[in-house]
Amino acid sequence: MVILNRRVRNFIVLAVIIFLCLVVITASFRQSEIINNIKSKTIDFFKPIQEKFFSLFSPVIGFFNSIRDYINLREKYLDLRAENSGLREEYVDSVNLRVENDSLRKLLDMKLREGYETITARVIGFNKGSWQSEIILNAGITEGACQGMGILSEEGLIGVITQCGSKSCNVRLINDPQSSIGVRILSSRKLGVLKGSQDGKIILNYIPVGETVFKGDIIITSEYGNLPGEILVGRVSKVSEDGNSPYKIIEVEPFADFKRLEYVLILKQ
Amino acid sequence: MIMKSFSKILHFFILIICLLLQVAFFGYLKIFSISFDLIMVAIIAVALFDGTLWGMLFGFIVGLVMDLMTGNIIGISAFVYSIDAFMARKLISAGFKSKLLTHIFIVFLVTEINILIFSLIYYLFNFGISWFGMGLDMIIRPVCNIILMLIMFPLIRISSGMDKETEFEFKYKNKV
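Residue numbers (my numbering), protein chains in the order written: chain P, 1 to 269; chain H, 1001 to 1176.
Any given hint might turn out to be false.
Cut-off 27 Å, straight-line C-alpha distance, at most; resulting in silico cross-link-like pairs (DSSO-like, lysine-lysine) [unchecked claim]:
#	chain 1	residue 1	chain 2	residue 2
1	P	K167	P	K259
2	P	K238	P	K76
3	H	K1008	P	K52
4	P	K201	P	K259
5	P	K76	P	K201
6	P	K41	H	K1008
Honestly, the hints are just simulated from the structure, not real lab data.
All chains, please: the whole structure from these sequences, using the hints.
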């Protein structure tokens, strides 16, 4: 009898939990204000202890990175040597173009492009899985961060703030399946949308089949999105076509290395 | 009674520490395709040693906090972890002769079902499915979780003050 009662009780508790979960999932999907507030409060509440935990495990994470670096050392050296020789040539061209650009801007009385104001933040948490790719930063509204702001590493764009607490925030990385960012191909100036995918690949969408896109083309943010334009994002790594689709399938390799994110910059807009 | 209540509180704190470890460290390892789910293993252990009710309740609370900290859709982890706790306790009746084998079987099966439920829910919410990624996860994650099980299960068992003979309400020694 007692066992039967327990079984019935467990089934009732499970049914209540399932009902509560369905309510929460629905509220979350409808972007409920209450849920967003609770979310902000939760990330703020756990921030101090999470920061301590992250500091504790930083050496271990560093150790993993060192092993990976050691294994890839030779390959990386050859890549860098090839890149260096290419960059040297580009540098000369770039200096000439800059001089020319400055003089033309003066001639037209146009302002030079201004730098962005940024806030430095530290990564204090990761949530990487098939369905999401997020990090948590130790800066929030108090430091001037706000939902929708872009996040940069030394190499380029890494993601966008999705949830902002008073002292911490959640960042959706550009390889998250829900991430969607307006971008341009630097060489052809064509506009497209950069989306993450479940297997971690970053795909550039809406580039018509007729367009010429080369492997190695640089992708920058477009000025029409929520982020400022011309921020480096990545490089085209693979171009293919699907017979049924009017658009090319373009894979993009990000400049930023998501495996070694430690300190990042929040782009104040 | 006080001892039992104390062990429940202790287990809750262990689960919170597991949650922080998952976000601060094990989440990072997923970048290398090493996919540990420390929270799931801890919840299975709590369900086995404290009972289904506590496993489901703790699964719901910790899953909800996890979703609030880093989730895309809040409530999904809470739902799945509660189901995991419920299933783990049901699976114990499969009862292999070896205790270790039974534990491995439960962790393996719950992990696989966990992945399938998550995939199904996300699919219903219009997310794309990468079959290769899911297949890889279904191979790697159970192995990683079984390794974690070897640490978490004794930890929860010791903290619940349970001796080996009365574990799971039946005597293994007699079964063997």
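Results for each hint:
Proposed proximity of K167/P and K259/P is supported: the alpha carbons are some 24 Å apart, at most 27 Å. Distance hint between K238/P and K76/P is fulfilled; the C-alpha atoms sit about 20 Å from each other, no more than 27 Å. Among the hinted pairs, K1008/H with K52/P is consistent with the structure: their alpha-carbon atoms are about 25 Å apart, no more than 27 Å. Distance check on the hinted pair: K201/P and K259/P sit about 14 Å apart at the alpha-carbon level, within 27 Å; holds.
About 21 Å separates the Cα atoms of K76/P and K201/P, which keeps this hinted pair within 27 Å; it holds. Taking the CA atoms of K41/P and K1008/H, the gap is about 26 Å. The hint holds against a cut of 27 Å.
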